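Okay, here's what each chain looks like letter by letter:
Number of protein chains: 2
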Amino acid sequence: MLVAVRKIQKALGEDRVSIEQDDIESHGYSEWSTSNSTGRPVAIVTPRSTEEVSAIVKICTEHRTPMIPFGAGSSVEGNFSSPFSGICIDLSGMNRILAFHEEDMNITVQAGVRWTDMNEKIKSANLFMPMDPSPTAYVGGMIATNCSGTNAMKYGTMKDWVVNLTVVLPNGTVIKTKRRPRKSSAGYNLNALFTGSEGTLGIITEATLKLAILPDETSIGVATFPTVKDATAAASKLIRAGVPLAALEFMDEVQMSVINQNGGAGGRKWTEKPTLFLKFTGTKDSMNEAIRQTQKLIPGYTSDRLIFASTASERESLWAARKEALWALLAVRPENTEIWSTDVAVPLSRLAEIVDLSKKESGNLGLFSTVLGHVGDGNFHQAVMYNPKDPEQYQAVKACVSRMMRRALEMEGTISGEHGIGIGKKDYLKEELGDSTIQLMRALKRSVDP
Amino acid sequence: MLVAVRKIQKALGEDRVSIEQDDIESHGYSEWSTSNSTGRPVAIVTPRSTEEVSAIVKICTEHRTPMIPFGAGSSVEGNFSSPFSGICIDLSGMNRILAFHEEDMNITVQAGVRWTDMNEKIKSANLFMPMDPSPTAYVGGMIATNCSGTNAMKYGTMKDWVVNLTVVLPNGTVIKTKRRPRKSSAGYNLNALFTGSEGTLGIITEATLKLAILPDETSIGVATFPTVKDATAAASKLIRAGVPLAALEFMDEVQMSVINQNGGAGGRKWTEKPTLFLKFTGTKDSMNEAIRQTQKLIPGYTSDRLIFASTASERESLWAARKEALWALLAVRPENTEIWSTDVAVPLSRLAEIVDLSKKESGNLGLFSTVLGHVGDGNFHQAVMYNPKDPEQYQAVKACVSRMMRRALEMEGTISGEHGIGIGKKDYLKEELGDSTIQLMRALKRSVDP
Chain A
1 MLVAVRKIQK
11 ALGEDRVSIE
21 QDDIESHGYS
31 EWSTSNSTGR
41 PVAIVTPRST
51 EEVSAIVKIC
61 TEHRTPMIPF
71 GAGSSVEGNF
81 SSPFSGICID
91 LSGMNRILAF
101 HEEDMNITVQ
111 AGVRWTDMNE
121 KIKSANLFMP
131 MDPSPTAYVG
141 GMIATNCSGT
151 NAMKYGTMKD
161 WVVNLTVVLP
171 NGTVIKTKRR
181 PRKSSAGYNL
191 NALFTGSEGT
201 LGIITEATLK
211 LAILPDETSI
221 GVATFPTVKD
231 ATAAASKLIR
241 AGVPLAALEF
251 MDEVQMSVIN
261 QNGGAGGRKW
271 TEKPTLFLKF
281 TGTKDSMNEA
291 IRQTQKLIPG
301 YTSDRLIFAS
311 TASERESLWA
321 ARKEALWALL
331 AVRPENTEIW
341 STDVAVPLSR
351 LAEIVDLSKK
361 ESGNLGLFST
371 VLGHVGDGNF
381 HQAVMYNPKD
391 PEQYQAVKAC
401 VSRMMRRALE
411 MEGTISGEHG
421 IGIGKKDYLK
431 EELGDSTIQL
441 MRALKRSVDP
Chain B
1 MLVAVRKIQK
11 ALGEDRVSIE
21 QDDIESHGYS
31 EWSTSNSTGR
41 PVAIVTPRST
51 EEVSAIVKIC
61 TEHRTPMIPF
71 GAGSSVEGNF
81 SSPFSGICID
91 LSGMNRILAF
101 HEEDMNITVQ
111 AGVRWTDMNE
121 KIKSANLFMP
131 MDPSPTAYVG
141 GMIATNCSGT
151 NAMKYGTMKD
161 WVVNLTVVLP
171 NGTVIKTKRR
181 PRKSSAGYNL
191 NALFTGSEGT
201 LGIITEATLK
211 LAILPDETSI
221 GVATFPTVKD
231 ATAAASKLIR
241 AGVPLAALEF
251 MDEVQMSVIN
261 QNGGAGGRKW
271 TEKPTLFLKF
281 TGTKDSMNEA
291 IRQTQKLIPG
301 YTSDRLIFAS
311 TASERESLWA
321 ARKEALWALL
331 AVRPENTEIW
341 STDVAVPLSR
351 LAEIVDLSKK
361 ESGNLGLFST
371 VLGHVGDGNF
381 HQAVMYNPKD
391 PEQYQAVKAC
401 VSRMMRRALE
411 MEGTISGEHG
421 IGIGKKDYLK
431 EELGDSTIQL
441 MRALKRSVDP
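For the record, the sequence lines run as chains A and B. Quick note on the UniProt record's numbering: the first sequence kicks off at 1 and runs consecutively. Quick note on the UniProt record's numbering: the second sequence kicks off at 1 and runs consecutively.
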């Protein structure tokens, strides 16, 4: 491993390789993440181009040294852990926009571009890339985990926004998955194979992404309900009626109180009840029509219990409450505790039931726990605060999360709606997919990385 | 090969295997298809379940007999050709809807279900699967070619509608790619790997498909333009302004005259000029707003040159003109001629240029040729009528199509927007993707089918 480090130092220059303890720690452990390993990389390398990544990969492969691609480090399932040590390839130095094709509505970027920066830069062309995971995330990591976020209800997931990828394969070969057509049926869908492969098949170094037109208008609605079941039932009703929502998010009463404790995301005092956040986008007329449909479908929620934002700043403050949920949790977390945050997804009709059951069960732990979710996709997140050094607490939370995953599988759902598998959920993936399907995935992995 | 046929007869019953010359011909050759091989299968087998497909596949693999999955036979690039003979597995007997999950908005079907039949059956639940290739197509073939059609502009392509697949691998193993969540980031995206793999990685026997809510209202607009360039420029303008169109289709003056010759799709007499067909769907208010936007963006097209359908039957007749384009062509085709129909896709900004150039060049052939396309996706089709027995004509058309594909590649496009590669475009795929990418695809193929 150290020979590989020296070779990389020689190839890229000393200043591009760090063996500082702080760097190693910040690239090997994350307080945001549920799963961390005790392993740490021996060095952090910072390439600036696809060619440099290829050079690094060739050296690592030659010396049989594990490689861990690292983006913004905001994933939550231990996706960038280094259980077998190795060399961490930090892509933050690859943060250039390579080409913005305004008329084609796509953009080519390096993997280390932050999506929020990218969207800010193309805003004036009235375009944006609609996926919205953590505001800190990089494009490369977003693709590697097939991320989504609150906009998935309207815009799908990351795989739907990839036009082509430049990937460095485990032997150092550089491939490009496609040219730049908006639609294609030429050959195997390598875009989709690498999207969500979590760095196991190659390192994504560049990507061309589709862009969407920024909606003329956005409106946010917030509705509170007496119980979690009432809230999820209302959500199902809106979905099934085809109300053109851009997003449909749920936060439970605990999460709402956390938001209040943490300053209310812009100073608002929220009702601490199960709450739906609704986003409407489009032209003025179409948006107002969707709002009218919503008011009709959720009767009795016309006044204080169904609020609509009228100004841009009010709108931002309402939505900020949802987007800042994880940070609010981290801020109110007592010392020595960590957050076990995880997500599952089930068919729409089972969502109310699984949210209700999971909430009851995690409530029984006697620990602080909360539920929030992208209910428009049947996807929800549960977060439990616990002391990782207390073995009893650790085991209890682990068992509770495990039961939630099993329940999702029994309901024909998945153990991961959008965070990926990482090291946290490896054991359950086999249960979800069965031996034959896992064997096929292994065969695919071997064919790319013999 | 004959031993395999006998074993299959024994396993499934004599009546499920046909060696009739008519059957063999209709499963080995298609007048709809540009590319046909001289090879023919030795027998047609008609399984009724995944287990039967698995039994057939095991026998074929044991006897090293080529297998050709066959759906509705409506593909156009020789996707079901049998150049090395073998056994044709006709999935038309697998035409059952296995489970309709209305509340989850998905449906599980066997591969031989016709999408138009399926949509008819679930209409009363206000749901539909929005892909619209040939009305004859089966779900299995639609997935195998990653089909799309006119609705792709709003609803994406087939890969976006697959929740899970049951696939028989080349060794006979049956796998299921996922359970039934609407969203998932668990493991490699096998749905996308098999979607568009054209039967080369396994045989799709069952699929769960996402469904969408039927739009409240549909309106069709038709606009004629003096030149092809004017029409495609108007199309780009609408796309770039973000007008929420459900579909945006183009037909040239030749195609419009073919429609007239063929009865005008409901008796209408069309203006024989380059024409855009626009589809608007949604609620009444949102649709009317989109129509107003369109009228503003295409000035001077308010009266006779931009027609909107006001009644359902008028709407159907307008859209029928577009949907029946291929049939209209087949109907007016002179004896002894065939249609060389193919599709390419390019970045949006290059569409006007490539359509114009391709039209000029095919015009120079002195043959009957026409252009139509899903311009909302940068995807268009060219059809040339020629006499396949005239070697000079054949070579001239082949060279012309070849130049069109090269031009699409120079413009960073693809040689196939939605029809797949089949046997017709194999040689060009390497040019599109490069050696390394093709090698990766080969490695994937080998890993699944050693």
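Calculated directly from the structure, the hints in this document are not laboratory data. Worth double-checking, as some hints may not be accurate.
Said to hold, decoys possible - Straight-line Cα separation of at most 27 angstroms, BS3-like style, residue types lysine-lysine; simulated pairs: (1) B:K121 - B:K154; (2) A:K296 - A:K273; (3) B:K154 - A:K154; (4) B:K237 - A:K237.
Just so it is clear, the structure is predicted and the values come from calculations on it, not from any experiment.
* Which hints, by number, does the structure contradict? -> 4
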